[in-house]
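Construct the complete structure from the given sequences, taking the supplied hints into account.
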Amino acid sequence: MKKSIITVVGKDQIGIIAKVCSYLSESRINILDISQTIVGGYFNMMMIVDLNESQKNFLQISDGLEALGKGIGCIIKIQMEDIFNEMQRL
Amino acid sequence: MINLNEVLETNKMIEKENLDVRTITLGISLLDCISDSLQKLNENIYAKITETAKNLISAGCQIEKEYAIPIVNKRISVTPIALIGASACKTPEDFVTIAKTLDRAAQKVGVNFIGGYSALPSKGMTKAEKDLILSLPEALSSTERICSSVNLASTKTGINMDAVALMGKVIKKIAEATKDRDSFGCSKLVVFCNAPDDNPFMAGAFHGVTEGDTVINVGVSGPGVIRSALEEIKDADFTTLCETIKKTAFKVTRLGQLVAIEASRLLNIPFGIVDLSLAPTPIVGDSIAEILECMGLEKAGAPGTTAALAILNDQVKKGGIMASSSVGGLSGAFIPVSEDHGMIDAAACGALTLEKLEAMTCVCSVGLDMVAVPGKTSASTVSGIIADEMAIGMVNQKTTAVRIIPVVGKDVGDTAEFGGLFGRCPIMRVNPFSCDAFIARGGRIPAPIHSFKN
Chain B
1 MKKSIITVVG KDQIGIIAKV CSYLSESRIN ILDISQTIVG GYFNMMMIVD
51 LNESQKNFLQ ISDGLEALGK GIGCIIKIQM EDIFNEMQRL
Chain S
1001 MINLNEVLET NKMIEKENLD VRTITLGISL LDCISDSLQK LNENIYAKIT
1051 ETAKNLISAG CQIEKEYAIP IVNKRISVTP IALIGASACK TPEDFVTIAK
1101 TLDRAAQKVG VNFIGGYSAL PSKGMTKAEK DLILSLPEAL SSTERICSSV
1151 NLASTKTGIN MDAVALMGKV IKKIAEATKD RDSFGCSKLV VFCNAPDDNP
1201 FMAGAFHGVT EGDTVINVGV SGPGVIRSAL EEIKDADFTT LCETIKKTAF
1251 KVTRLGQLVA IEASRLLNIP FGIVDLSLAP TPIVGDSIAE ILECMGLEKA
1301 GAPGTTAALA ILNDQVKKGG IMASSSVGGL SGAFIPVSED HGMIDAAACG
1351 ALTLEKLEAM TCVCSVGLDM VAVPGKTSAS TVSGIIADEM AIGMVNQKTT
1401 AVRIIPVVGK DVGDTAEFGG LFGRCPIMRV NPFSCDAFIA RGGRIPAPIH
1451 SFKN
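First to last, the protein sequences are chains B and S.
Each residue of the first sequence is one higher than the last, beginning at 1 in the working numbering.
Each residue of the second sequence is one higher than the last, beginning at 1001 in the working numbering.
None of these hints come from the bench; they were simulated from the model.
Wrong hints could be hidden among the right ones.
[Claimed, not checked] Using 30 Å as the maximum straight-line C-alpha spacing, the simulated BS3-like pairs for lysine-lysine come out as follows: (1) S/K1016 - B/K3; (2) B/K70 - S/K1016; (3) B/K77 - S/K1065; (4) S/K1040 - S/K1090; (5) B/K11 - S/K1016; (6) B/K77 - S/K1090; (7) S/K1453 - S/K1065; (8) B/K2 - B/K19; (9) S/K1016 - B/K2; (10) S/K1012 - S/K1247; (11) B/K56 - S/K1012; (12) B/K2 - S/K1065; (13) S/K1376 - S/K1156; (14) S/K1016 - B/K19; (15) S/K1246 - S/K1016.
And the structure:
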């Protein structure tokens, strides 16, 4: 199973997690882990997700999340997990 | 499991510090295209490149999306054309037809540069190699995407001074042929000592005859990431400085390795090497000179610059070598003048001279790179500058190169504008004393002794 990392960065407001999670649920994307913090009024969230059950491909999900982010004033990115494992682990 | 801080650090490098993959370069052997019919040869070359590289751009774009990492260039290198064209080309004009074919093939597959319009006369020069070199003014002024390189010397063979003398004249002719664009043609030609067979970076990329049929080589870039890491340890001693560069270079190189393996898998083409070079761009925050300044120099070129660059180059290699299963190419810090805004500033304010730059090339990758000099500089002086740089590479058993632009109609105090990644360059002063008689001797400088290292 190839995992992916979703990051959400933007000004804190009500409902960010709810909106992102609704999109993931509609897209049949399973959330494995969530961590979140507020730095200087900015909302930073990371989710580890599994796309195996999704009916959408990576590019569609990436574009979908980007569009969702624009709607709620956040930058939402999805990246394959390997880039972080490779750069941050021996 | 990966945590939030690690994710944020990686993304900060990409978004704020200009971390990117500078190039995925697909090496293609053209040896099986050789024919004694020029038309057939051109058809074979076009067919082989367009078929082999048809998915290069789409694979690159897919990797960009999957990892949200910019891949700035997707490029192609081919077997040196002086070898491929030797049986079909009887004149320099025949070679120009191949340059145009390569240009068309590059356009068809969507790459911005194709390297390998090259010759390797480091000891002797064949007629075909001479014809290719003589074709350069026409080839580089009548095409958009061709990059050329000529290997004039090596530690094993010495320096071919006949070829050095010829290149001085040819570089002047290329400058003249492209004078309406600040002699831009010269920026697509590099002369080497000890040219590597697997270099992914233009203008010097070619697919050496020691390579397989096809190969994926990747060059990463992260001057901004290194500078940012050094900013956090402003007053630390050299041990901490070196450790910081090494750790950062490790992370940067791991990204290159990941992208290379993924590109190799998507294209079903073997992975060759990751080139550990730190390549700057004219953007602020993507500069080698800024790293040197961050180490404590007022400007690049100040006393201490050679030592600072030696540290940087060595630590980047030490960090990078463990991060990749296979390292090659030029692997070191690039110090092109026009492509690095800190170097541009240093040259403009007089901190950086051609002579200091030459000293810096003793301890880092490549050599006198993207250096603009007055248009009135004589061919023999250009050859003299090349000979000096070749001697440094030959004696020190390293790759050195010269990419020099004698800008027609401009002199010290003017600036040449090349645009895009090529940047702009203040015209640098050249020592006015003559080396005419030295260059006119002709012949070959023999290989150096490999003992009594002093």
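For each hint, the structure was consulted:
no., hint, verdict
1, S/K1016 - B/K3, "25 Å, holds"
2, B/K70 - S/K1016, "20 Å, holds"
3, B/K77 - S/K1065, "10 Å, holds"
4, S/K1040 - S/K1090, "15 Å, holds"
5, B/K11 - S/K1016, "18 Å, holds"
6, B/K77 - S/K1090, "56 Å, violated"
7, S/K1453 - S/K1065, "50 Å, violated"
8, B/K2 - B/K19, "24 Å, holds"
9, S/K1016 - B/K2, "27 Å, holds"
10, S/K1012 - S/K1247, "16 Å, holds"
11, B/K56 - S/K1012, "28 Å, holds"
12, B/K2 - S/K1065, "15 Å, holds"
13, S/K1376 - S/K1156, "34 Å, violated"
14, S/K1016 - B/K19, "27 Å, holds"
15, S/K1246 - S/K1016, "20 Å, holds"
Of the numbered hints listed earlier, those contradicted by the structure are 6, 7 and 13.
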